[in-house]
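Take the given structure of chain X and dock chain F to it, following the hints.
Going down the list, the protein sequences come from chains X and F. Counting in the numbering used here, the first sequence runs from 32 upward without gaps. Counting in the numbering used here, the second sequence runs from -18 upward without gaps.
These are computed hints drawn from the structure, not numbers from a lab. Since the model is a prediction, treat every value here as computed from it, not as a measurement. Take these hints with a grain of salt, some might be off.
[What the hints assert, rightly or not] Listed next, the in silico DSSO-like pairs over lysine-lysine satisfying Cα-Cα at most 30 Å (straight line): (1) Lys53(F) x Lys68(X); (2) Lys53(F) x Lys351(X); (3) Lys69(F) x Lys49(F); (4) Lys53(F) x Lys69(F); (5) Lys68(X) x Lys69(F); (6) Lys68(X) x Lys49(F); (7) Lys70(X) x Lys171(F); (8) Lys70(X) x Lys69(F); (9) Lys68(X) x Lys4(F); (10) Lys324(X) x Lys351(X); (11) Lys49(F) x Lys4(F); (12) Lys53(F) x Lys10(F); (13) Lys70(X) x Lys49(F); (14) Lys10(F) x Lys70(X); (15) Lys69(F) x Lys4(F); (16) Lys53(F) x Lys4(F); (17) Lys69(F) x Lys324(X); (18) Lys324(X) x Lys68(X); (19) Lys49(F) x Lys10(F); (20) Lys10(F) x Lys68(X); (21) Lys171(F) x Lys351(X); (22) Lys70(X) x Lys53(F); (23) Lys70(X) x Lys351(X); (24) Lys69(F) x Lys10(F).
[Stated by the list, open to error] Every beta carbon over 10 Å from chain X, so not counted as near; a handful from chain F, in silico: (25) Lys24; (26) Asn55; (27) Gly61; (28) Leu162; (29) Met169.
By construction, the Cβ of each residue, glycine as well, lies at the ideal position given by its N, Cα and C atoms.
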Amino acid sequence: MNEGSDRLDELLRRRLQAAAAPPPAHVWPAVEDTLRKRKRRFLLWMFAAGTLSAAAILYLSALRPKAVAPQPEYPAPKQEQIAAAPPSVGRRSPADFASENRAVASPQPALGAEIRPARPLPDADAPLIAPAPEILPAAPLPPAPEIPAVEITAAPRNRSGSAAPLLPGSAIQAPAAAFRLPASPGQIPFTLPRKRKDPGSCYDFTGRPNVWFADVYAGPGLPSRRLTSPDPEFQDYSRLRRETESPSTAFSAGLRGSMLLNRHYLVRAGLHYDQFTEVFEYADPNYIEYTVKVRNELVGGVWQTITDTIGVDYGEHYQKTYNRYGMLDIPIMLGGEWRSGRTGFSVQAGASVNIFFWNRGAMLSPQGVPTDFDRDNPAFRARTGASLMGSVQWFWHLRPQWRVFVEPYFRRMLQPISPDGSPVLQQYSLHGVQLGITKILD
Amino acid sequence: MLCTAQQNTNWLLSILSETELIKGCLRGKAHCQRQLYELFAGKMYAVCLRYARNPSDAADILQEGFVKVFTKLNQFQFQGSFEGWMRKIMVHTALRAYQRQRFEFETSGYEHLPESPVDPDAVSALSEMELLALIGRLPEGYRMVFNLVAIEGFSHAEAAAMLGIQESTSRSQLTKARKWLSEQLEQMQKADAR
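Looking at chain X on its own, in the form it has when it is part of the complex (with noise of 0.2 Å):
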């Protein structure tokens, strides 16, 4: 390199390193935007895995075996009581059991028993006060003799843990829930209650095999679009519209209701809708712009309209809208329901139709032109027509008869959205996940 070479480097480099140059104005959107979808897809991502961390969270939650609930330790008393009564050997007569009765049934202990204070309720669910036992007729007692008030100590206990006002006789008769007396005498007069069921537990359909359920539900989507060109004159005005416009954001509602018929077969049908977003971009890099004066003049008696250029922009035309279309169905869709506990799954397919369709935004025209559209300037079907529907859906029982679900859908429209002749076809199908709550009316 000769000394010429290093000057000319070295004068362009301490121009050129410090030189600067306005950049188009189309570029900064253009950086917002792609950022805002990686941003989105990221978001998607982690909405998506999240929800089937807790999916599989939940269902193997769901699959672990239950720690079996210790048995409640019955209140002794009762046992103690009745074997406290007076002894009888070999069959007992009626009276006997009417008199066993009335020792459990009456706060004055039974002559001859001993009384030991009642000890604290350990199942907070027991009854405070029993249904009454089934009492065989009673034969008429001897008067009991004079015994001193025995003062009980331990009282039973309500649910929320506080000391339930003592009734007369409550301390001993919430033992006597724990009775059932003996229908043959010679029986030992002693049942476990039954434990009850899990109130978290799965709705009980083996009793109602046909019930109705309602669901509510929305979540995100993705649009996917098909644009066709049946025309191969067209098929770069198809490439531009491809080019120029790109799938954003979509999400679904809806309302639905659903017959369960014979415990696993779904009819569902209700209001869904839907809604998507395309972005519209568009830069014309050698836009000129007429500034047109129009004036009315008078030469030689005669008004004539004379028009004037009077200003010539250059520049660069930039436009950025946001698309959207917003479709309402009816679905009718058919499916099957399988349940494990507390959770389940159902499947269902169907079809839709479209009741109301709106749409609004920009596109190149096919003179390459960014033209809008909207219900005054139409560009689409007034209607979409009909869609195929699937879902699977994961549900959660929260209570018997609530549940939460999730459920991956997809939806295909069986018409492009273009009206007929268009040289252009435009054809959807959707995909997303619906988050929702079902009710089981019963």
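Quick look at chain F alone, frame taken from chain X:
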């Protein structure tokens, strides 16, 4: 013509320092991203213009480069110049764009032309935009090597590795580029003298 971004620089810096802007961008603040863009877009666009075939390609490179800058900002260690780090990203983005639409280097007989001395006034008389336009008119292969070696200061070995060419080709391309530029400057000087 100096860009408006440069005029805005002082005003922007008076609001937020460069480090604060970067930290704001790292937190995902949209207004910081916008300010950072406005602060550097002019200079980076000039870099892109030097490498791209035309202003439209330069705009694409600028867009792609800035998306990379914002998504890889967490890799900036706050050591050294942020502008230098950004410039490096733009150069790499431009090289990738060049490799995507690469075609054979033009060849011509400039090797045998005698070197003519360059008048410093010829370079000084040109505006930045005119200089950028002059560099932009360089044949594709010459322009890439000239930008990398003469302006960015990479060695021939580095430039050759980046462009996927022989080191000797890089040297040859640079010589041709210098001669072409000298000739162009000389012609412009003569035209001005007339």
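Right, here's what the structure says about each hint:
no. : hint                  : result
1   : Lys53(F) x Lys68(X)   : holds (16 Å)
2   : Lys53(F) x Lys351(X)  : holds (26 Å)
3   : Lys69(F) x Lys49(F)   : holds (11 Å)
4   : Lys53(F) x Lys69(F)   : holds (13 Å)
5   : Lys68(X) x Lys69(F)   : holds (25 Å)
6   : Lys68(X) x Lys49(F)   : holds (14 Å)
7   : Lys70(X) x Lys171(F)  : violated (55 Å)
8   : Lys70(X) x Lys69(F)   : holds (25 Å)
9   : Lys68(X) x Lys4(F)    : holds (21 Å)
10  : Lys324(X) x Lys351(X) : holds (29 Å)
11  : Lys49(F) x Lys4(F)    : holds (16 Å)
12  : Lys53(F) x Lys10(F)   : holds (15 Å)
13  : Lys70(X) x Lys49(F)   : holds (14 Å)
14  : Lys10(F) x Lys70(X)   : holds (12 Å)
15  : Lys69(F) x Lys4(F)    : holds (20 Å)
16  : Lys53(F) x Lys4(F)    : holds (13 Å)
17  : Lys69(F) x Lys324(X)  : violated (50 Å)
18  : Lys324(X) x Lys68(X)  : violated (43 Å)
19  : Lys49(F) x Lys10(F)   : holds (16 Å)
20  : Lys10(F) x Lys68(X)   : holds (15 Å)
21  : Lys171(F) x Lys351(X) : violated (47 Å)
22  : Lys70(X) x Lys53(F)   : holds (14 Å)
23  : Lys70(X) x Lys351(X)  : holds (19 Å)
24  : Lys69(F) x Lys10(F)   : holds (24 Å)
25  : Lys24                 : violated (5 Å)
26  : Asn55                 : holds (14 Å)
27  : Gly61                 : holds (16 Å)
28  : Leu162                : violated (7 Å)
29  : Met169                : holds (14 Å)
This entry does not satisfy hints 7, 17, 18, 21, 25 and 28, going by the numbered hints stated previously.
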